[in-house]
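Engineer: Keeping their order, the protein sequence lines are chains A and B. Position 63 (the first sequence) corresponds to 63 in our numbering; numbering is contiguous. Position 23 (the second sequence) corresponds to 23 in our numbering; numbering is contiguous.
Everything labelled a hint here was simulated from the structure, so no lab data went into it. Any given hint might turn out to be false.
Unchecked claim - Stretches of chain A that chain B covers, calculated by requiring three or more beta carbons in the stretch to come under 8 Å of a beta carbon on chain B:
(1) 51-65
(2) 75-81
Claimed, not checked - Where chain A lies over chain B, by a calculated footprint (3+ residues, C-beta under 8 Å):
(3) 71-81
(4) 98-109
As the list claims (entries may be wrong) - Here are the computed lysine-lysine pairs in the BS3-like style, where the Cα-Cα straight-line distance is at most 30 Å:
(5) Lys54(A) with Lys22(B)
(6) Lys55(A) with Lys97(A)
(7) Lys53(A) with Lys68(A)
(8) Lys19(B) with Lys68(A)
(9) Lys19(B) with Lys53(A)
(10) Lys41(B) with Lys54(A)
(11) Lys55(A) with Lys41(B)
(12) Lys68(A) with Lys22(B)
(13) Lys68(A) with Lys55(A)
(14) Lys9(B) with Lys68(A)
(15) Lys55(A) with Lys53(B)
(16) Lys54(A) with Lys40(B)
(17) Lys53(A) with Lys97(A)
(18) Lys53(B) with Lys97(A)
(19) Lys19(B) with Lys40(B)
(20) Lys53(B) with Lys22(B)
(21) Lys22(B) with Lys53(A)
(22) Lys22(B) with Lys38(B)
(23) Lys18(B) with Lys53(A)
(24) Lys40(B) with Lys9(B)
(25) Lys68(A) with Lys53(B)
(26) Lys97(A) with Lys18(B)
(27) Lys18(B) with Lys55(A)
(28) Lys97(A) with Lys38(B)
(29) Lys68(A) with Lys40(B)
(30) Lys97(A) with Lys54(A)
(31) Lys9(B) with Lys97(A)
(32) Lys18(B) with Lys68(A)
(33) Lys36(B) with Lys53(B)
What you are looking at is a predicted structure, and each value in this text was computed from that prediction instead of being measured. Just so you know, even glycine gets a beta-carbon here, dropped at the ideal spot from N, CA and C.
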Amino acid sequence: KNEVEQSPQNLTAQEGEFITINCSYSVGISALHWLQQHPGGGIVSLFMLSSGKKKHGRLIATINIQEKHSSLHITASHPRDSAVYICAVVIIQGAQKLVFGQGTRLTINP
Amino acid sequence: DTEVTQTPKHLVMGMTNKKSLKCEQHMGHRAMYWYKQKAKKPPELMFVYSYEKLSINESVPSRFSPECPNSSLLNLHLHALQPEDSALYLCASSSQTRADTQYFGPGTRLTVL
């Protein structure tokens with residue numbers, strides 16, 4: 001079993017819909033990252049969380065440390081949000097590295 | 001400047017070639033990373049440099065040889081690669097704290113013939 005699990009693996013929605021992507025992890029962490037990767041490769045860091053909630057534009061990320069769970073929400077989704085969203089954690093006992101989930105491929109249709 | 005640059009963008013090489021990938025950042029970050037990413041998979045960590053010293057090597061074959069000439073530059077030297085090494089190679093950097101945000105470059109798409 002992976003230390004970081006994301007769901008769903010694939011998500012297709014219509015423009016304007018509210019999107020939720022989930023991330024669960026099974027280890028103690030010092031931080032959780034949400035990353036976005038568009039076709040063509042480049043990865044952009046969206047959020048780094050260690051507690052609570054963060055908001056940036058139409059994106060909201062939350063984390064529940066006790067439940068070992070984080071969600072990424074997109075409000076008023078747009079076709080340009082189509083990308084792979086990756087959850088990654090920094091394990092407390094581990095070395096200085098990110099442990100990645102498998103990613104969620106999001107497609108927003110116009 | 002919050003950019004990590006990588007060159008070249010694309011590279012095609014034969015199994016007997018020697019080539020190098022380059023990564024540069026001017027954010028004053030002291031940690032730099034090489035990742036390998038196969039299609040439809042998450043990135044896999046290869047190497048971590050901290051203060052220009054190799055701190056993590058994830059059991060990467062010796063045909064990949066990293067080098068950190070100074071705090072802004074990171075190279076990955078390639079020699080005698082195999083076709084299965086074809087992938088997107090991503091560089092990233094962060095300030096020294098372990099949990100800090102990593103800034104990724106656009107990647108080099110490598111094809112080994």
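Engineer: Each hint: holds or not?
Structural biologist: Each hint tested on the structure:
no.	hint	result
1	51-65	violated (count 0)
2	75-81	violated (count 0)
3	71-81	violated (count 0)
4	98-109	holds (count 11)
5	Lys54(A) with Lys22(B)	34 Å, violated
6	Lys55(A) with Lys97(A)	25 Å, holds
7	Lys53(A) with Lys68(A)	14 Å, holds
8	Lys19(B) with Lys68(A)	43 Å, violated
9	Lys19(B) with Lys53(A)	44 Å, violated
10	Lys41(B) with Lys54(A)	27 Å, holds
11	Lys55(A) with Lys41(B)	27 Å, holds
12	Lys68(A) with Lys22(B)	37 Å, violated
13	Lys68(A) with Lys55(A)	20 Å, holds
14	Lys9(B) with Lys68(A)	37 Å, violated
15	Lys55(A) with Lys53(B)	36 Å, violated
16	Lys54(A) with Lys40(B)	28 Å, holds
17	Lys53(A) with Lys97(A)	23 Å, holds
18	Lys53(B) with Lys97(A)	15 Å, holds
19	Lys19(B) with Lys40(B)	25 Å, holds
20	Lys53(B) with Lys22(B)	17 Å, holds
21	Lys22(B) with Lys53(A)	36 Å, violated
22	Lys22(B) with Lys38(B)	19 Å, holds
23	Lys18(B) with Lys53(A)	47 Å, violated
24	Lys40(B) with Lys9(B)	19 Å, holds
25	Lys68(A) with Lys53(B)	33 Å, violated
26	Lys97(A) with Lys18(B)	28 Å, holds
27	Lys18(B) with Lys55(A)	46 Å, violated
28	Lys97(A) with Lys38(B)	19 Å, holds
29	Lys68(A) with Lys40(B)	25 Å, holds
30	Lys97(A) with Lys54(A)	22 Å, holds
31	Lys9(B) with Lys97(A)	25 Å, holds
32	Lys18(B) with Lys68(A)	45 Å, violated
33	Lys36(B) with Lys53(B)	20 Å, holds
Comparing the model with each numbered hint stated earlier shows that hints 1, 2, 3, 5, 8, 9, 12, 14, 15, 21, 23, 25, 27, 32 do not hold.
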